[in-house]
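Go ahead and model the full structure; you've got the sequences and the hints to work with.
Residue numbers (numbering that gives the first Met the number 0), protein chains in the order written: chain A, 0 to 339; chain B, 0 to 585.
Check the hints yourself; a few may be wrong.
Straight line, CA to CA, 20 Å or less: simulated SDA-like cross-link-like pairs of lysine to any residue [claimed, not checked]:
# : chain 1 : residue 1 : chain 2 : residue 2
1 : A       : K307      : B       : L424
2 : A       : K111      : B       : V32
3 : A       : K119      : B       : S283
4 : A       : K307      : B       : F119
5 : B       : K391      : A       : H73
6 : B       : K383      : B       : V455
7 : A       : K307      : A       : D283
8 : A       : K307      : B       : V32
Covered, in the sense of this in silico footprint (three residues per stretch, anywhere, with C-beta under 8 Å from a C-beta of chain A), are these stretches of chain B [what the hints assert, rightly or not]:
#  : region
9  : 280-293
10 : 346-353
Every beta carbon over 12 Å from chain B, so not counted as near; a handful from chain A, in silico [stated by the list, open to error]:
#  : residue
11 : L29
12 : D124
13 : D143
14 : L144
15 : V222
16 : E248
17 : C260
18 : A262
19 : Q267
20 : F274
21 : A275
22 : A327
23 : V330
By construction, these hints were calculated from the structure, which means they are not laboratory data.
Bear in mind the structure is a predicted one, so any value in this text is a computation, not a measurement.
The beta carbon of each residue, even a glycine, is placed where N, CA and C say it ideally should be.
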Amino acid sequence: MSQWKKAWRLLPLLAVMMLVLTGCGQDPFLSALTPRGPVAEQQFYLIKLSIYIMMGVFAVVMVIYVYVLVRFRHRPGQTGIPEQIEGSHKLEIIWTTIPLILLTILAIPTVKITFDLAEKFPTDDALQVKVIAHQFWWEYEYPDLGISAAQDLYIPTGEKVQFQLTSEDVIHSFWAPALGGKTDTNPGMVNAMWLQADDPGVYKGKCAELCGDSHTLMDFKIVAMDRPEFDAWVEKMKEPHVSSSDVAEGEQIFADSCISCHAIDATQGLDIPDFAPNLRNFGDRVVLANYFNMDDETIAEWIKNPEKMKPGNLMPGFADELDDQQLASLVDYLNTLSVK
Amino acid sequence: MYLLAGGFFFLLGGLEALLIRIQLMYPDLDIFVGGTFNQLLTMHGTTMIFFAAMPIIFALLNAIVPLQIGARDVAFPFINALGLWLFFLGGVILNASWFLGAGAPEAGWTAYAPLSTPAFSHMGVDFYVLGLQVAGIGTWLGGINFLVTIINMRAPGLTFMRLPMFTWTAFVTSALVLFAFPAITVNLILLMFDRLFGGAFFNADMGGNVVIWQHLFWIFGHPEVYILILPAFGIVSDVISTFSKKRLFGHSAMVFATVLIGFLGFMVWAHHMFTVGMGPIANSLFALATMLIAVPTGIKIFNWLFTMWGGQVRINTASLWSIGFIPTFLIGGMTGVMLGVAPADFQYQDTYFVIAHFHYTIVGGMVFGLFSGMYYWWPKMFGKMLNEKLGKWNFWTFFIGFNLTFFPQHFLGLMGMPRRVFTFLPNAGLEMGNFVSTIGAFGMTLSILIFLLNIVITNRSEQTVPADPWDGRTLEWTIPSPAPEYNFAQTPLVRGLDALWVEKMEGNGQISYAEPLGRIHMPSPSVLPFLMAIGLTFAAFGFIYHTWFVAATGLIFTFVLMSIRSVKDDPGYYIEVEDIDEGVKV
Ligand code: HEM
Ligand SMILES: [Cu+2]
Chain A
0 MSQWKKAWRL LPLLAVMMLV LTGCGQDPFL SALTPRGPVA EQQFYLIKLS IYIMMGVFAV
60 VMVIYVYVLV RFRHRPGQTG IPEQIEGSHK LEIIWTTIPL ILLTILAIPT VKITFDLAEK
120 FPTDDALQVK VIAHQFWWEY EYPDLGISAA QDLYIPTGEK VQFQLTSEDV IHSFWAPALG
180 GKTDTNPGMV NAMWLQADDP GVYKGKCAEL CGDSHTLMDF KIVAMDRPEF DAWVEKMKEP
240 HVSSSDVAEG EQIFADSCIS CHAIDATQGL DIPDFAPNLR NFGDRVVLAN YFNMDDETIA
300 EWIKNPEKMK PGNLMPGFAD ELDDQQLASL VDYLNTLSVK
Chain B
0 MYLLAGGFFF LLGGLEALLI RIQLMYPDLD IFVGGTFNQL LTMHGTTMIF FAAMPIIFAL
60 LNAIVPLQIG ARDVAFPFIN ALGLWLFFLG GVILNASWFL GAGAPEAGWT AYAPLSTPAF
120 SHMGVDFYVL GLQVAGIGTW LGGINFLVTI INMRAPGLTF MRLPMFTWTA FVTSALVLFA
180 FPAITVNLIL LMFDRLFGGA FFNADMGGNV VIWQHLFWIF GHPEVYILIL PAFGIVSDVI
240 STFSKKRLFG HSAMVFATVL IGFLGFMVWA HHMFTVGMGP IANSLFALAT MLIAVPTGIK
300 IFNWLFTMWG GQVRINTASL WSIGFIPTFL IGGMTGVMLG VAPADFQYQD TYFVIAHFHY
360 TIVGGMVFGL FSGMYYWWPK MFGKMLNEKL GKWNFWTFFI GFNLTFFPQH FLGLMGMPRR
420 VFTFLPNAGL EMGNFVSTIG AFGMTLSILI FLLNIVITNR SEQTVPADPW DGRTLEWTIP
480 SPAPEYNFAQ TPLVRGLDAL WVEKMEGNGQ ISYAEPLGRI HMPSPSVLPF LMAIGLTFAA
540 FGFIYHTWFV AATGLIFTFV LMSIRSVKDD PGYYIEVEDI DEGVKV
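What follows is the structure, encoded as structure tokens:
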């Protein structure tokens with residue numbers, strides 16, 4: 000008997016401990032609890048509001064619960080029969096009405112923010128980005144700027160960016176928690192949403208809908224930079240890549256083996272979904288293939304056997320075609336694909 | 000039988016869950032990755048929902064509902080047996096995928112199109128599609144059977160408003176089964192056309208629509224979660240009332256709340272789809288409808304508390320599970336309201352927050368309730384009491400393990416961990432939560448082992464249990480433990496809510512009967528249901544392997560058996576008065 004009382008005392012302790020243990024050390028560029036833009040902020044506001052209301056409800060219920068369990072425990076030797084109460088209309092009305100009021104308090108901002116976040120902008124107002132999801136990588140088109148990019152999404156800070164999201168294969172979901180909630184990318188349909196990053200930084204994003212063997216590895220980054228820098232980035236992206244003669248061998252290999260799938264021209268092929276990531280600014284990638292370290296060794300590893308690193312992806316391996324020396328010069332060339 | 004098979008699948012699903020948690024114990028592990036991991040998570044979900052939770056609920060419904068309404072059996076014993084075999088063989092078909100074909104299905108238990116269409120998945124999904132169809136027919140038949148039983152076979156005087164809460168929830172649950180299962184069946188048939196006959200319902204390139212799958216799935220799927228939780232509500236109501244020595248507070252309000260939850264359960268399916276892009280109007284409406292469900296659920300919580308209020312609450316394993324149910328389910332319900340806040344759901348959707356939420360409702364709710372019911376009714380079902388000491392260990396290890404596993408997951412989700420991922424990166428604050436979660440999973444595993452041990456020990460022990468070991472209130476406690484195969488020697492006469500309690504209060508000590516003792520008619524056992532189910536299983540494999548003549552043979556075989564069953568008269572047999580064990584005094 001006493002053993003369960005003791006354990007009860009442990010419970011709140013446990014909960015608090017867990018809060019402390021898990022709550023700290025979160026990644027401010029990944030967590031929905033550290034909003035970095037108005038969308039995530041409004042959502043965070045609703046999260047907090049609903050948690051507070053629910054904690055209030057929880058506290059009330061727990062007070063009654065503990066009181067009942069302590070006060071009305073069967074005591075040894077206790078006999079007699081408790082009064083058989085049928086119920087109470089008054090009480091039933093009370094605990095119908097109070098929740099209704101609490102829910103109304105929650106419902107009003109819910110509906111308001113639902114409509115706010117669904118707002119669509121006139122095309123000439125906001126920067127437009129088309130997100131095209133692929134198994135297991137992301138393609139971005141900036142229709143008004145005439146460029147396209149892959150994996151890392153570059154946006155300007157302090158302004159709303161309007162997204163149109165779709166998919167080339169299965170359903171994925173575009174989610175950068177610190178900037179805002181997710182929207183699914185459905186093949187054959189186009190969804191809309193907007194995001195805004197208040198400060199420059201590299202925000203982490205993830206595919207949030209099971210999309211196949213490498214769903215776990217389908218991350219992405221949102222690189223937010225101030226408007227002038229962003230404009231400069233756009234201008235550079237528009238320029239064709241000019242390679243130096245140092246990497247001529249790698250360039251040749253790329254032309255033979257890779258260019259059939261990977262474009263290195265950001266202005267090319269807009270309006271048609273790419274088959275593989277555009278590598279115009281590959282050298283600037285934060286991570287390789289959305290998940291792995293951007294070092295020469297890993298890049299070579301990837302080219303040799305992408306299936307091993309990202310099961311189910313569509314890139315063929317080149318372990319048989321390219322020897323280590325050729326791979327090294329190919330990697331050298333890839334690293335020059337930069338707009339910085 | 001239902002219990003045995005359901006228990007077996009529960010262990011299987013549990014093992015899959017443990018493997019998942021082991022893979023996620025530390026960042027960057029590579030024990031089960033990629034497709035293997037997806038197979039594990041798909042099979043865990045599918046097995047737990049369709050082949051563990053449903054049959055264990057059906058086991059209790061089968062064992063207890065007839066007893067609570069004073070009936071000798073369910074209305075259609077033949078259909079009951081058929082339902083059982085269809086469910087079981089459906090589970091066999093699904094799990095056969097581990098060994099046949101190209102591995103288990105890997106598109107998630109939700110099998111979203113187009114990931115589940117042939118272009119993006121291998122043969123495993125065929126086993127899913129056909130296994131669930133076979134099992135689904137079984138479940139649907141079971142639901143109809145319980146509906147008819149409760150409507151038609153109540154003892155004299157047992158009006159609807161006098162039904163014990165468990166029977167009420169069984170009634171509403173069966174109604175939900177009746178209306179929800181056709182939706183998934185239609186969906187599965189569409190997918191089957193896409194997979195086996197080159198259809199394009201879910202192929203956007205050919206004019207199909209991928210979102211239809213989600214609508215049909217959740218039109219079934221949301222009621223399904225209420226199908227699972229309502230019987231637990233019923234168990235908790237009965238258990239709390241019995242062990243508080245009080246009638247259920249607000250019985251009629253509880254009935255009303257149950258019906259309302261069942262009804263609203265059909266109005267909210269799209270809250271699983273807030274991020275699909277339905278637009279602000281649909282999102283707002285479904286958000287509001289979802290929040291509304293909190294009201295009848297809250298009514299229930301308060302009525303349980305006020306049933307205990309002023310009572311004499313006896314603490315034993317059976318009541319502990321029900322008492323533990325209240326705070327855990329409450330947490331699940333509250334995160335449910337949070338998820339209903341559509342714009343905030345954009346952050347929660349498809350993350351560990353959702354995993355935490357529905358495990359708090361399904362495990363913290365349904366499983367706690369089922370354990371409570373198991374300890375409560377075990378003597379009535381098997382004539383022996385489960386060991387109390389092991390029972391307490393069973394409860395506490397589970398309670399602590401459960402909270403350790405799922406509580407941190409709320410935070411993992413908010414901190415950016417999507418669900419259905421096989422690993423996570425270090426240094427994003429996700430290590431501790433995942434580690435604690437895996438430790439908790441081991442705690443629950445230990446708990447289940449203790450429960451199995453308890454069953455074995457109890458089974459071996461020599462004990463006899465009186466008809467009414469708990470000072471019960473309802474009809475099942477008027478007959479011997481274990482219940483004889485004819486249940487009631489004489490049909491009881493019900494004179495109020497909590498029929499047995501009414502008699503106890505009037506000092507009768509015994510229920511009165513509505514009929515004189517006479518010989519009892521019993522149905523004869525039949526192999527036909529088993530053979531029919533075998534026929535359909537045969538057909539299912541025929542479809543999976545595209546061998547149409549096997550499929551046709553299986554179907555024809557089943558139809559022939561159905562015709563035999565229709566024309567053959569089954570006279571049954573009688574149990575003579577001398578053989579009836581009558582003298583039960585309580
Ligand atoms: C040896 C020549 C090739 C090189 C150097 C190369 C390089 C790369 C690199 C560096 C990535 C990661 C991109 C990123 O991080 O943004 C990548 C991804 C990819 N490549 Fe290639 N590639 C080559 C050939 C090909 C070919 C011939 C195909 C098409 C058949 C192809 C299809 C893909 C696809 C679909 C991805 C995305 C994989 C994913 O992340 O899911 N590649 N490739
Ligand atoms: Cu994806």
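Against the structure, the hints come out as follows:
no.	hint	result
1	A:K307 to B:L424	holds, 18 Å
2	A:K111 to B:V32	violated, 42 Å
3	A:K119 to B:S283	holds, 17 Å
4	A:K307 to B:F119	holds, 19 Å
5	B:K391 to A:H73	holds, 18 Å
6	B:K383 to B:V455	holds, 11 Å
7	A:K307 to A:D283	violated, 24 Å
8	A:K307 to B:V32	holds, 11 Å
9	280-293	holds (count 7)
10	346-353	holds (count 4)
11	L29	violated, 4 Å
12	D124	holds, 19 Å
13	D143	holds, 22 Å
14	L144	holds, 25 Å
15	V222	holds, 17 Å
16	E248	holds, 34 Å
17	C260	holds, 20 Å
18	A262	holds, 23 Å
19	Q267	holds, 24 Å
20	F274	holds, 15 Å
21	A275	holds, 18 Å
22	A327	holds, 27 Å
23	V330	holds, 23 Å
In this structure, the hints that do not hold are numbers 2, 7 and 11, in rising order.
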